[in-house]
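**Student:** Sequence:
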Amino acid sequence: MIDTCSKKVVQAELKKLGINPVTVALGTVEIAEDMTAAQRTAIGNALKPFGLELMEDRKIILTEQIKNLVIELVYAPEGSQKVHFTDYISEKMHYHYHYLSNLFSEVTGITIEQYVIATRIERVKELLSYKEYNLKEISFRLNYCSVSHLSNQFKKVTGMAPSEFKKMARPPRHALDEL
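First residue of the sequence shown: 33, per this note's numbering; consecutive thereafter.
I should point out that these hints are in silico values taken from the structure, not numbers from a laboratory.
There's no promise every hint is true.
Using 27 Å as the maximum straight-line C-alpha spacing, the simulated DSS-like pairs for lysine-lysine come out as follows [said to hold, decoys possible]:
| hint | residue 1 | residue 2 |
| --- | --- | --- |
| 1 | Lys114 | Lys188 |
| 2 | Lys40 | Lys124 |
| 3 | Lys188 | Lys163 |
| 4 | Lys187 | Lys168 |
| 5 | Lys124 | Lys91 |
| 6 | Lys199 | Lys187 |
| 7 | Lys199 | Lys157 |
| 8 | Lys40 | Lys114 |
| 9 | Lys39 | Lys124 |
| 10 | Lys39 | Lys80 |
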């Protein structure tokens, strides 16, 4: 996954190697010319110290793209999350959802739905830790059908109620790339 900081690192490392990318975006780098095996190895070695890796396995690439789309939708501005994840992913990736779902499960060992839930719960934790929003606002913001559904899902995933989590001094959170 490429966030803003990682994007700058990738651009700088490619520049050092004399490779000019056409685009560097969330999880992808487009290069106009064909790369040699030596260039691929050099890129992989240059990115490794930053915790980044060059992915060439098509299944892994598709899986990362699915994760990026889920994160994009979960972190989208309020109101733009009204679309269904299944439709959104299929439309953006130009594959049938069933194929993507099977592929994702094969590579990660969890379903896309489980990943969506885990990502949403991490977003809920983040919003709760800001102490700016109440549960009703968070429920609306993340397109839950009700506050009770959010609370039940939160408790099922974390083992505690949202109110317990909110009271913690240093609540436990996971980085999105650890989900």
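**Student:** Please write out, lowest number first, the hints stated earlier that are contradicted by the structure.
**Tutor:** Failing hint: just 8.
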